[in-house]
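There are 4 protein chains.
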Amino acid sequence: MSLTYALAQSIITDALAAGQQHGFKPLTVVVLDAGGHVIAAARQDGASNNRFEIAQGKAYGALALGMGSRAIMERAEQQAYFIAAATATLGGRLIPVPGGVLIRDSDGIIQGAVGISGDSSDNDETAASTAIEASGLTAQVD
Amino acid sequence: MSLTYALAQSIITDALAAGQQHGFKPLTVVVLDAGGHVIAAARQDGASNNRFEIAQGKAYGALALGMGSRAIMERAEQQAYFIAAATATLGGRLIPVPGGVLIRDSDGIIQGAVGISGDSSDNDETAASTAIEASGLTAQVD
Amino acid sequence: MSLTYALAQSIITDALAAGQQHGFKPLTVVVLDAGGHVIAAARQDGASNNRFEIAQGKAYGALALGMGSRAIMERAEQQAYFIAAATATLGGRLIPVPGGVLIRDSDGIIQGAVGISGDSSDNDETAASTAIEASGLTAQVD
Amino acid sequence: MSLTYALAQSIITDALAAGQQHGFKPLTVVVLDAGGHVIAAARQDGASNNRFEIAQGKAYGALALGMGSRAIMERAEQQAYFIAAATATLGGRLIPVPGGVLIRDSDGIIQGAVGISGDSSDNDETAASTAIEASGLTAQVD
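Chains as they are written, first to last, in the working numbering: chain Z, 1 to 142; chain D, 1 to 142; chain A, 1 to 142; chain X, 1 to 142.
For the record, the hints were derived by calculation from the structure and aren't laboratory data. Any given hint could turn out to be false.
[Claimed, not checked] According to the in silico footprint, chain Z covers these stretches of chain A (three or more CB under 8 Å from chain Z):
# : segment
1 : 52-65
2 : 71-84
3 : 89-102
[What the hints assert, rightly or not] From the derived model, a few chain A residues whose C-beta atoms are all more than 10 Å from chain X:
#  : residue
4  : Ser10
5  : Lys25
6  : Asp119
7  : Asp122
8  : Thr130
9  : Glu133
10 : Ala134
11 : Gln140
Note that the structure is a prediction, hence the values are computed from the model and not measured. Note that beta-carbon positions come from the ideal geometry of N, C-alpha and C, so glycine has one too.
Construct all of the structure, not just a fragment, from the sequences and the given hints.
Here you go:
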């Protein structure tokens, strides 16, 4: 199962529904393909200007380093200078807090990533994981 | 009428429908708010890696200079060095070919812009204008 | 009430007057619209070379994340690596200390932001808030 | 006579008055000191998002190369690749069309530059030169 535009759009719909169900603040959701390129994005009314870039950075960084952005945060807690340098190396496209979740198919192959920003990082991650799993794919948060 | 996420998503749906109706190649559609920030984006299956950035640059440049990207192309035909410099000034977020269309409301106020990339520039522009007008807003291509 | 150039210029005048009244060091004041674009700026005699960029970064970051730069500082105190990464993501346009203040109108809509740099961060913020409130708008510092 | 903030603000006022007198479109005016750093800026209502950056680039480039932006345009007409490379070297802060005017004092010393964008490049330059001369300084357009 590859990550089509239809599936990416379905993930966005599910993520926004999860946010509404939990009473989260307005969310911004970005879905990237395995190469880190945008497939679909949505910024809800009331989300601040650059939430797209923050959400994108969570997802892009996850794909860049092959781990969910929660694991990248843990590395930042240990070696902030490494993550700072990696962020610079990637032109800023790495945001080291939860909410960037890898998408794996039933064979374990990475198909892309979802990045969400808007509420607490933990809640952003919950919305992302819920939406990925609702689509029959596997979410990797760390 | 302000450019909500719901309206941006509706513009994307209409643009993709226009593309399908005319038999266009896979399209990538980006909708920006008046400040040039992403509200919604969609890249259809088969579109190449960086079509998001191309579509975004058409729309961002239109907002940056206050004219549709067709007018920016005309300026590039006359003074290529000016548009090259402006592109550098804007960090690359200016693509001077048709397909970046300003969105005005009934009072003439700019509410945002749509950028489309994937088929010929003229066809990209057609899809953008069709979708904007279908939403009851006014499209400005130059 | 939208943030016109006349109103932005009035905010600058009021901010400089507040600085003079309190005996602050030379201030630099930048007023951005809701999309983060410069409306007006003033750097007083004696302010160092790049105070414009510092003041701009306070205001731009506030709009980017939807909170005053005091709240961004608090986040930096907790997770310095997150703010460092967000700064890189925004191309450097985020300065996480007080003095970047959101401007809301009577309906609570964000109309822009003021960034001030030159004296202590707390004093910079005082000048910004005083000027915004003097114009009949609401200042949000965190 | 050095270029104080008060004088920079006076130049802006005079430039906007010249624009109004001639019926120019909304102008954006940026005044830089001799080091290329912002002293004051104004973007009139109706000017598009990134006119500040365009006006800044005209003035910064003039100071960078020691000639008005009209002369830089003439160089671009002859060797577009040189100006393209110089623009990249300066991080985009060079716009090679008229409207970037050097400010010299009575001893011929460069005190700064004015950049204007919004109407035709020739008209932008007229507003800049008129304002500089009105302040008792000398304008150098090429």
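Tested hints:
1. For the segment 52-65 of chain A, the assignment as covered by chain Z holds, since 3 residues bring a beta-carbon within under 8 Å of that chain's beta-carbons and 3 suffice.
2. Restraint check on the segment 71-84 of chain A versus chain Z: 5 residues with Cβ-Cβ distances below 8 Å, three needed, restraint holds.
3. Against chain Z, the segment 89-102 of chain A contributes 3 residues with a C-beta closer than 8 Å to a partner C-beta. That satisfies the three-residue criterion, and the hint holds.
4. For serine 10 of chain A, the non-interface assignment is confirmed: its Cβ lies about 12 Å from the closest Cβ of chain X, beyond the 10 Å cut-off.
5. With a closest Cβ-Cβ approach of about 14 Å to chain X, lysine 25 of chain A is found to remain outside the 10 Å limit, as its non-interface label requires.
6. The claim that aspartate 119 of chain A lies off the interface holds: its Cβ sits roughly 16 Å from the closest Cβ of chain X, which is beyond the 10 Å cut-off.
7. Aspartate 122 of chain A, annotated as away from the interface, keeps every beta carbon of chain X farther than 10 Å; the closest lies near 23 Å.
8. In this structure threonine 130 of chain A is separated from chain X by more than 10 Å, as the shortest Cβ-Cβ distance comes to about 19 Å.
9. No Cβ of chain X approaches the Cβ of glutamate 133 of chain A within 10 Å, the least distance being about 22 Å, so the stated non-interface status holds.
10. Every Cβ of chain X is farther than 10 Å from the Cβ of alanine 134 of chain A; the closest lies at roughly 19 Å, confirming the non-interface assignment.
11. No Cβ of chain X approaches the Cβ of glutamine 140 of chain A within 10 Å, the least distance being about 23 Å, so the stated non-interface status holds.
When the structure is compared with the earlier hints, no violation turns up for any of them.
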